[in-house]
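Residue numbers (numbering that gives the first Met the number 0), protein chains in the order written: chain Z, 0 to 293; chain E, 0 to 347.
The hints are simulated quantities; they were obtained by calculation from the structure and are not laboratory data.
Yeah, the Cβ is synthetic: ideal placement off N, Cα and C, and Gly gets one too.
The reader is advised that the hints may include incorrect statements.
As the list claims (entries may be wrong) - Simulated restraints on C-beta separations: (1) Phe104/Z - Ala75/E: 26 to 34 Å; (2) Gly329/E - Ala242/Z: 50 to 58 Å; (3) Phe247/E - Ala3/Z: 39 to 47 Å.
Stated by the list, open to error - The calculated SDA-like cross-link candidates involving lysine to any residue, where the alpha carbons are at most 20 Å apart (straight line), are: (4) Lys196/Z - Leu331/E; (5) Lys232/E - Asn31/Z; (6) Lys164/Z - Gly120/Z; (7) Lys118/Z - Lys232/E.
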Amino acid sequence: MLTADRRRLVHHLLRAGILAGFAMYIVHLVRNDSITLYIAPRMVLYVKLSAIGLYAAAVYQLYAALQAGTGRKAADCDCDHEPPASLWKNIIIYGLFLFPLTIGFLLPDGTLGSSMAAKKGFTFSIESSLTETAPAPTTGPLTEQQLNALFPAEEFTESLAEYAKKLYLQDEIIVPEKQYIETLSTLELYRPHFIGKTIVISGFVYRQEGMTRDQFAVSRFVMNCCSADAMPYGMMASAPSAAAYSNDSWVTVRGTLTEISYNNQMILQLDVKHMEVIDALDAPYVYPDYNFDL
Amino acid sequence: MKYIYRLGTPLIAVICLILLAGIISDLGLMGSLAEIDSAAFQSFKILFISILLEAIPFILIGVLFSALLQVFISDAVIARLTPKNPAAGILFGSLLGLLLPLCECGMIPVVRRLIRKGMPAYIGIIFIFAGPIINPVVFTSTFTAFRAEPAMAYSRLGLAFVVCVILGMLLYRFMKGDPLKRDAYSLAKANNGLASIHEQRPSESPANHSGGLLGRFGATMSHASDEFFDIGKYLIFGAFLAALVQTFVDREVLTALSGQSVTSSAFMMGFAFLLSLCSTSDAFVASSFTGIFRPGALLAFLVFGPMVDLKSTLMLLSAFRTKVVLAVTGILFILVLAGSILAERLLF
Numbered sequence: 000m001l002t003a004d005r006r007r008l009v010h011h012l013l014r015a016g017i018l019a020g021f022a023m024y025i026v027h028l029v030r031n032d033s034i035t036l037y038i039a040p041r042m043v044l045y046v047k048l049s050a051i052g053l054y055a056a057a058v059y060q061l062y063a064a065l066q067a068g069t070g071r072k073a074a075d076c077d078c079d080h081e082p083p084a085s086l087w088k089n090i091i092i093y094g095l096f097l098f099p100l101t102i103g104f105l106l107p108d109g110t111l112g113s114s115m116a117a118k119k120g121f122t123f124s125i126e127s128s129l130t131e132t133a134p135a136p137t138t139g140p141l142t143e144q145q146l147n148a149l150f151p152a153e154e155f156t157e158s159l160a161e162y163a164k165k166l167y168l169q170d171e172i173i174v175p176e177k178q179y180i181e182t183l184s185t186l187e188l189y190r191p192h193f194i195g196k197t198i199v200i201s202g203f204v205y206r207q208e209g210m211t212r213d214q215f216a217v218s219r220f221v222m223n224c225c226s227a228d229a230m231p232y233g234m235m236a237s238a239p240s241a242a243a244y245s246n247d248s249w250v251t252v253r254g255t256l257t258e259i260s261y262n263n264q265m266i267l268q269l270d271v272k273h274m275e276v277i278d279a280l281d282a283p284y285v286y287p288d289y290n291f292d293l
Numbered sequence: 000m001k002y003i004y005r006l007g008t009p010l011i012a013v014i015c016l017i018l019l020a021g022i023i024s025d026l027g028l029m030g031s032l033a034e035i036d037s038a039a040f041q042s043f044k045i046l047f048i049s050i051l052l053e054a055i056p057f058i059l060i061g062v063l064f065s066a067l068l069q070v071f072i073s074d075a076v077i078a079r080l081t082p083k084n085p086a087a088g089i090l091f092g093s094l095l096g097l098l099l100p101l102c103e104c105g106m107i108p109v110v111r112r113l114i115r116k117g118m119p120a121y122i123g124i125i126f127i128f129a130g131p132i133i134n135p136v137v138f139t140s141t142f143t144a145f146r147a148e149p150a151m152a153y154s155r156l157g158l159a160f161v162v163c164v165i166l167g168m169l170l171y172r173f174m175k176g177d178p179l180k181r182d183a184y185s186l187a188k189a190n191n192g193l194a195s196i197h198e199q200r201p202s203e204s205p206a207n208h209s210g211g212l213l214g215r216f217g218a219t220m221s222h223a224s225d226e227f228f229d230i231g232k233y234l235i236f237g238a239f240l241a242a243l244v245q246t247f248v249d250r251e252v253l254t255a256l257s258g259q260s261v262t263s264s265a266f267m268m269g270f271a272f273l274l275s276l277c278s279t280s281d282a283f284v285a286s287s288f289t290g291i292f293r294p295g296a297l298l299a300f301l302v303f304g305p306m307v308d309l310k311s312t313l314m315l316l317s318a319f320r321t322k323v324v325l326a327v328t329g330i331l332f333i334l335v336l337a338g339s340i341l342a343e344r345l346l347f
């Protein structure tokens, strides 16, 4: 066998291995249901499809390796992608591809927590509250007109206003997984009308500077495409027993909504009536509801 | 820049080794850091892998599309389809994203191929920068993220368009010669015709991939997987750096710079560069800064980030000459900075 052929054989084999490795890593993540720890559900299909593409490329590289092994030339034209000749360069380049595979397969999957929330910057208030709203009538069931007057909408907040009317009529507002961010936004936007309401919300415990001993945030990471764009959001809560719950522990909290000043900003706070530790959720992230506007 | 190339990868390798050593040995220096480290390293892993996983489908589409172009479309067709008139060419390049909504990862292999096949380089380059912003997907996501401020979505597209048109005119006027890096082919050719090893003239029709459909299929696979490795190493390197930055740079510190409009715009552009987010999702990150940063600074973040970031700059360097990349980045920086300040005065 010629040296050039042997070199090509090694390159093709290495490439086949790496391509198959990436494909297998994706399959591994899908099998363990851990792929959504990295990317949003709406991206999963594309990543799965690319696993097929990677497999196909790996098979092709294997075929090319066989061709090179038998001294024949594969169908390629090698016009511009000759691999570098230096051994060290090759080790580094292939090492670069092996690095994500190694840490991907060997390190356990985890989720983002308090330390990352602090780095990314925690947000308590997504929407600025409307200041001028009609005062709520005190007695009797509300008519449709009264509701509309309570929740005025502009062109772009119409869906939030509609949602607010629905929430307003509930005795107890359970913040749903599917519309986590929309629910928090609505509560923020029509803040005056929701004060005094009972809210139930789940998330992990997050603390930062400026909080009192009783305070903590019930928080979630909101992901759009992948964890790199995940941002921590949450609601301030206050409970006398707060110190018993450590950072990053998952809790469900029921409480009454009040308004407090935190870092010179008025934000919502839950005065906790009941609090319990729950198992970390299988789906720790929440996602914006893309059908919310429809 | 040559040195960054030469030293960059070994440096990363050394950093990786140190990190790995840190995990394996729980002694001495690492001992005191162990608790923070495991959380930070876990975050790093999540971010690093997630950036890669998110980019892989787009890279694959990009390299596949580029390989198909190479194998099935002749240079003559490309030449016929691209406008001759520079004004039309600049418009064509700026708006091509409406037809081919690729994001920045998929864009670079395709454009490199198009330029090699005879598309005027200035058109290709503005497509790289306009495409990730001027497309329907990005508009929708920006609109959703800035529900309360629809002017943001419009001004994002508008500013990107203006910046790309000006860039296109500058490139058309001042860029002489081939902006692409000298690849193996042209190097060999320059070395007194050594290209004869695998002779292939760029002007040739795709018919030189003989062997019928099967042969062409093989050629496509070969090009695509070679290009995957070509571009992939820059992607991994970029994702590595971006994940490091996100893991270790504290955003709270940054908000101290949010006061003045020039510094805050410039700062948000630098921040967008380091984060290397995909243009379809960065609007949501930007909207989390509402109230801390001025709208002009957010606009600068949204326009500059998809055009120039850590990950895509490394990928650009794989295809284009260093001088071209630096010049274009500089021009874009100035244009976006000026544009964002102007837009803030006029629109918000």
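Each hint, compared with the structure:
1. Phe104/Z - Ala75/E: 26 to 34 Å: Since the Cβ atoms of Phe104/Z and Ala75/E sit about 47 Å apart, the hinted range of 26 to 34 Å is violated.
2. Gly329/E - Ala242/Z: 50 to 58 Å: With a Cβ separation near 53 Å, Gly329/E and Ala242/Z satisfy 50 to 58 Å, so the hint holds.
3. Phe247/E - Ala3/Z: 39 to 47 Å: holds, 44 Å
4. Lys196/Z - Leu331/E: The given pair, whose Cα atoms are some 50 Å apart, is violated under the 20 Å limit.
5. Lys232/E - Asn31/Z: Violated - the C-alpha atoms of Asn31/Z and Lys232/E are around 27 Å apart, more than 20 Å.
6. Lys164/Z - Gly120/Z: violated, 31 Å
7. Lys118/Z - Lys232/E: Violated - the C-alpha atoms of Lys232/E and Lys118/Z are around 27 Å apart, more than 20 Å.
In this structure, the earlier hints numbered 1, 4, 5, 6, 7 are contradicted, and the remaining ones agree with it.
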